[in-house]
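Number of protein chains: 2
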Amino acid sequence: MAAVLHGSRRSFLVTLLLLLAIALSAEAKIRHYRFHVAYQYKSPDCFQKLSVTINGQSPGPTIIAGQGDTVVVEVNNGLLTENTAIHWHGIRQIGTPWSDGTEGITQCPIAPGETFVYKFVVDRPGTYIYHAHYGMQRSAGLYGMIKVAVAEGAVEPFSYDYDRSIIVNDWWHKSTYDQAAGLSSIPFVFVGEPQSLLINGRGRFNCSMPSTTGGVCNLTNPDCSPSVFTVVPGKTYRFRIASVTSLSALNFGFEGHNMTVVEADGHYVKPFVVENLNLYSGETYSVIVKADQDPSRNYWASVNVVARKPSTATGTAILNYYPNHPSKLPPTTPPAGPQWDDTIVRFNQSTAIRAHPDHVEPPPPTSDRTIILLNTQNRIDGHTRWALNNVSFTLPHTPYLIALKHKLKHVFDSNPPPESYDYGSYDIQSIPSNPNATSSSSIYRLDFDSTVDVILQNANTLNPNNSETHPWHLHGHDFWVLGYGTGKFDPSVDVASFNLVDPIQKNTVPLHPYGWTALRFRADNPGVWAFHCHIESHFFMGMGMVFEEGVEKVGRLPRSIMGCGESKRLITKNL
Amino acid sequence: MAAVLHGSRRSFLVTLLLLLAIALSAEAKIRHYRFHVAYQYKSPDCFQKLSVTINGQSPGPTIIAGQGDTVVVEVNNGLLTENTAIHWHGIRQIGTPWSDGTEGITQCPIAPGETFVYKFVVDRPGTYIYHAHYGMQRSAGLYGMIKVAVAEGAVEPFSYDYDRSIIVNDWWHKSTYDQAAGLSSIPFVFVGEPQSLLINGRGRFNCSMPSTTGGVCNLTNPDCSPSVFTVVPGKTYRFRIASVTSLSALNFGFEGHNMTVVEADGHYVKPFVVENLNLYSGETYSVIVKADQDPSRNYWASVNVVARKPSTATGTAILNYYPNHPSKLPPTTPPAGPQWDDTIVRFNQSTAIRAHPDHVEPPPPTSDRTIILLNTQNRIDGHTRWALNNVSFTLPHTPYLIALKHKLKHVFDSNPPPESYDYGSYDIQSIPSNPNATSSSSIYRLDFDSTVDVILQNANTLNPNNSETHPWHLHGHDFWVLGYGTGKFDPSVDVASFNLVDPIQKNTVPLHPYGWTALRFRADNPGVWAFHCHIESHFFMGMGMVFEEGVEKVGRLPRSIMGCGESKRLITKNL
Numbered sequence: 101m102a103a104v105l106h107g108s109r110r111s112f113l114v115t116l117l118l119l120l121a122i123a124l125s126a127e128a129k130i131r132h133y134r135f136h137v138a139y140q141y142k143s144p145d146c147f148q149k150l151s152v153t154i155n156g157q158s159p160g161p162t163i164i165a166g167q168g169d170t171v172v173v174e175v176n177n178g179l180l181t182e183n184t185a186i187h188w189h190g191i192r193q194i195g196t197p198w199s200d201g202t203e204g205i206t207q208c209p210i211a212p213g214e215t216f217v218y219k220f221v222v223d224r225p226g227t228y229i230y231h232a233h234y235g236m237q238r239s240a241g242l243y244g245m246i247k248v249a250v251a252e253g254a255v256e257p258f259s260y261d262y263d264r265s266i267i268v269n270d271w272w273h274k275s276t277y278d279q280a281a282g283l284s285s286i287p288f289v290f291v292g293e294p295q296s297l298l299i300n301g302r303g304r305f306n307c308s309m310p311s312t313t314g315g316v317c318n319l320t321n322p323d324c325s326p327s328v329f330t331v332v333p334g335k336t337y338r339f340r341i342a343s344v345t346s347l348s349a350l351n352f353g354f355e356g357h358n359m360t361v362v363e364a365d366g367h368y369v370k371p372f373v374v375e376n377l378n379l380y381s382g383e384t385y386s387v388i389v390k391a392d393q394d395p396s397r398n399y400w401a402s403v404n405v406v407a408r409k410p411s412t413a414t415g416t417a418i419l420n421y422y423p424n425h426p427s428k429l430p431p432t433t434p435p436a437g438p439q440w441d442d443t444i445v446r447f448n449q450s451t452a453i454r455a456h457p458d459h460v461e462p463p464p465p466t467s468d469r470t471i472i473l474l475n476t477q478n479r480i481d482g483h484t485r486w487a488l489n490n491v492s493f494t495l496p497h498t499p500y501l502i503a504l505k506h507k508l509k510h511v512f513d514s515n516p517p518p519e520s521y522d523y524g525s526y527d528i529q530s531i532p533s534n535p536n537a538t539s540s541s542s543i544y545r546l547d548f549d550s551t552v553d554v555i556l557q558n559a560n561t562l563n564p565n566n567s568e569t570h571p572w573h574l575h576g577h578d579f580w581v582l583g584y585g586t587g588k589f590d591p592s593v594d595v596a597s598f599n600l601v602d603p604i605q606k607n608t609v610p611l612h613p614y615g616w617t618a619l620r621f622r623a624d625n626p627g628v629w630a631f632h633c634h635i636e637s638h639f640f641m642g643m644g645m646v647f648e649e650g651v652e653k654v655g656r657l658p659r660s661i662m663g664c665g666e667s668k669r670l671i672t673k674n675l
Numbered sequence: 101m102a103a104v105l106h107g108s109r110r111s112f113l114v115t116l117l118l119l120l121a122i123a124l125s126a127e128a129k130i131r132h133y134r135f136h137v138a139y140q141y142k143s144p145d146c147f148q149k150l151s152v153t154i155n156g157q158s159p160g161p162t163i164i165a166g167q168g169d170t171v172v173v174e175v176n177n178g179l180l181t182e183n184t185a186i187h188w189h190g191i192r193q194i195g196t197p198w199s200d201g202t203e204g205i206t207q208c209p210i211a212p213g214e215t216f217v218y219k220f221v222v223d224r225p226g227t228y229i230y231h232a233h234y235g236m237q238r239s240a241g242l243y244g245m246i247k248v249a250v251a252e253g254a255v256e257p258f259s260y261d262y263d264r265s266i267i268v269n270d271w272w273h274k275s276t277y278d279q280a281a282g283l284s285s286i287p288f289v290f291v292g293e294p295q296s297l298l299i300n301g302r303g304r305f306n307c308s309m310p311s312t313t314g315g316v317c318n319l320t321n322p323d324c325s326p327s328v329f330t331v332v333p334g335k336t337y338r339f340r341i342a343s344v345t346s347l348s349a350l351n352f353g354f355e356g357h358n359m360t361v362v363e364a365d366g367h368y369v370k371p372f373v374v375e376n377l378n379l380y381s382g383e384t385y386s387v388i389v390k391a392d393q394d395p396s397r398n399y400w401a402s403v404n405v406v407a408r409k410p411s412t413a414t415g416t417a418i419l420n421y422y423p424n425h426p427s428k429l430p431p432t433t434p435p436a437g438p439q440w441d442d443t444i445v446r447f448n449q450s451t452a453i454r455a456h457p458d459h460v461e462p463p464p465p466t467s468d469r470t471i472i473l474l475n476t477q478n479r480i481d482g483h484t485r486w487a488l489n490n491v492s493f494t495l496p497h498t499p500y501l502i503a504l505k506h507k508l509k510h511v512f513d514s515n516p517p518p519e520s521y522d523y524g525s526y527d528i529q530s531i532p533s534n535p536n537a538t539s540s541s542s543i544y545r546l547d548f549d550s551t552v553d554v555i556l557q558n559a560n561t562l563n564p565n566n567s568e569t570h571p572w573h574l575h576g577h578d579f580w581v582l583g584y585g586t587g588k589f590d591p592s593v594d595v596a597s598f599n600l601v602d603p604i605q606k607n608t609v610p611l612h613p614y615g616w617t618a619l620r621f622r623a624d625n626p627g628v629w630a631f632h633c634h635i636e637s638h639f640f641m642g643m644g645m646v647f648e649e650g651v652e653k654v655g656r657l658p659r660s661i662m663g664c665g666e667s668k669r670l671i672t673k674n675l
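Taken in order, these protein sequences are the chains called A and B. For the first sequence, this note's numbering assigns the number 101 to the initial residue and increments by one for each residue that follows. For the second sequence, this note's numbering assigns the number 101 to the initial residue and increments by one for each residue that follows.
Derived by calculation from the structure, the hints in this document are not laboratory data. Do not take every clue at face value.
Given that identical chains are not distinguished, each listed pair holds provided it fits within a single copy or across any two copies.
Cross-link-like lysine to aspartate or glutamate pairs, in silico, DMTMM-like; alpha carbons within 20 Å at most [said to hold, decoys possible]:
1) Lys-673 / Glu-652
2) Lys-507 / Glu-252
3) Lys-219 / Asp-481
4) Lys-509 / Glu-214
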């Protein structure tokens, strides 16, 4: 893949040929899945709620494939009046930008009763996720995991006996309609902290607590019996851990067991040992855990909220030492996790994540363009919104990919959004002196094959002494994480601190309170790609943007992505 | 309009020319409306619930037009992930079948963010309604009234001083998602009887009652202050009364005042006097009321459930005699309405509704085709469904109008559905011996300009000694109501009882328990038209069908109705 990374203008072609070679190799397979999306009553935390399920499950089935395989997912929308779209988070969709599943960006939504076929190559091994990318449906339960095994004969830089998957989530009892209506209201109504944390779709609400909404709460419902991870004493386990939370940054750990971090977002990590792992929505990790503790008992797997003042109980699962009974509760109290507001610990974990020495893919030494994005909370016409450089993003209702490829007009604001903010005078430590912002659907158009730096700059929200943590996710690419800093990024100073030696590549990265995060990526994947805060409500409130690169190189778009908005104009005139 | 009624093959053309003449006449106007559809918190019965609103209101704005006017409604879908479609109930859409607003039949649903323009001529004066025709959105609050005044110079066969509108509805606290999920579940979960009855969107839930769902109940919320109809003593009022209930048959009355029924579904009625009026979902009436009672007090307007065992409180509004204070409560208890299970009284009201002697438009003396439809409750694969002649209707996801006009294949079942049932042996008084049925999207294709009789035959449901009341609504036409009967319709006997002299024309008509209702209509309106039970859940569970007639005569379809399902195949190949 070196050709891509140090790429000339031919790099895209080389990548395509490489993919083709993988696809044509003897091992490449077609992995076929059928997803039926529908509402069902579920009680993931013992409280009954309508959830969006896949084939009756939430989380949905795990997609299992090998490097180079083609994954085909036929998504049938069985919702009554709601559309849907599913994003394959971490899959770059090289050559298939129309399969990225981002409504308004790469496709029209899938209407009720319709079946949409996603087809894409999983070109890199690793741990990925999928989830709805429409409205707030992810929060309603539409998510799952993707595991891509290394190609046959390839060796990973760590070893283990067994492979297990963990997907963590936060969960509310109010419907996503309620949540969204509140976010759009004047005054703004926040749904509040989650009622529970789920591990593999299972949690436990204290039914005796006052509920935010009426309903059935039943602690004996099998839906909410805790997840169990059975281990054999002495064996070594790879746990793939992914977060799809709507709001919460989480801290995950196995009571009494250290974890060695070895993979992040599909990239091998220079191994480091932690007692517990902070993970942000949209991130995936693999950790190696040895079942080397007292085998006469079980242990807690636990997850706690960090980075926001928690008011949600610890989420738990059971690490079951065989042959103890899987439902035998550990004799201890579940770990409460670290101090929620210890930003430095989380900052340090972020900076500890480096590429594995044997798998360094160095970034281009310089960039062609630097975009600095001030992250702020604002007000527009009385609504609370998030903005980047004072522009709050609004999705158009004709996907950019179709609009750009077919030159449809009046679809989005064609003025370029701002490249930076007034970092000379803006006080990131205070409430904005002028909280006004504008709304726009404008996008960043990138020169194809250019190298782009993005500096995410955090600031104070509309509340005094408050700056939130934002997990930023880029579609269609991995980026190099060049660095994190505290305070205001100063181009004249901080560029010198960039790690150009062994930066990890990721697709999701935290922006810490009052800090900055610097990324670099190659604009080498023809298409239109979202870049946004992975907190469901933040993206809903405008905390996102879109990159276009090489859209003229994109192949013929499938008609299945069309039909909405101005794309109706592509319906033949010969009616 | 006589040419239409005794129509030869030219009748359609004559109608079109007539419409054109009306449209071109000096008085015809364009009536322009903009509807923004969005969820908002509303407390119509003092209990806070997310409601689908139009311009922030539920019911939406009343459309006011004159005969021959063109109504243009720009519907902007401001829902987050849900589509919508609005049906203009009672408007025949002559020449504009694509504006009928029936998702899956005449148009693709309107996606979030999109604006769809409905444009149609209101060719007859009278009282009509509009409401969502998608999923169960009508039940969520998307409805309103249409008032069409007579052409200037035209005289109505009754007189009054003032014109007032009343729209009644039943209301649940559970969301329509909850309701629909229950209906589709195994076992079937019914939402139960409504929590309240609304008059012009206002009712009153007893907040001290146990709620089916948690939430805020506040009796002082201005949303639920009762509707007030102020009258001046001695004056005469026309009250237009419409029902958009999802389930309930209702009985409406003004305490201490008789009402003279003068209009039904846009047709003048041979006047008859009632103390209270039974009305079924989808029906509209005008009644004349004289403010001739003791003017020192106010009176109740009241609405009660009939035809189902009620467990919903009387819905009330205030008939305010000026100058009494409008909020001064009447000194009496609101009328409890008639005996809910007195079917004979309701049957007799149905048969009392005849065309006004000066406005009789006699039906064709014979029909070309008779379709007998046995209405039954059934089970299909464990689901509770409704069926006609053992076929439970399912909507396709490509609208019939587009599929038929553009010869798209694989959209719906092209086998014709059954014309009748085994009336020789079927026992309508008992639980079906075999409750199985089949699901189908098949339709009835009618010869253009032919005369069609439809006999609706009621039967016992899946519960012993139970037969429900079904209000049947036909799109695109008015039909003549030829008769009602009890027990099983016998073609060899009952045809002779048909009223061919002065039958009323309607678009919605009740089918009484264990009885039959006979209709006749001319298949003279090119298009594809739904005919269905107007109970929201019954149509959802298959109690409907579709007529096609003269689809080859339909003009070029607007692209705005397309984009879903197989209509994507009409997107140009020159991409």
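We went through each hint and held it up to the structure:
In this homomeric assembly, Lys-673 and Glu-652 come within 20 Å of each other (Cα to Cα) only across copies, at 18 Å, whereas the closest approach inside a single copy is 24 Å. Proximity of Lys-507 and Glu-252 under a CA criterion of 20 Å is satisfied in neither setting, with 44 Å inside one chain copy and 49 Å between copies. Taking the shortest alpha-carbon separations for Lys-219 and Asp-481, neither the intra-copy value of 41 Å nor the inter-copy value of 32 Å comes in at or below 20 Å. Proximity of Lys-509 to Glu-214 under the C-alpha cut-off of 20 Å is restricted to the inter-copy arrangement: shortest distance 15 Å between copies versus 27 Å within a copy.
The structure shown violates the earlier hints numbered 2 and 3.
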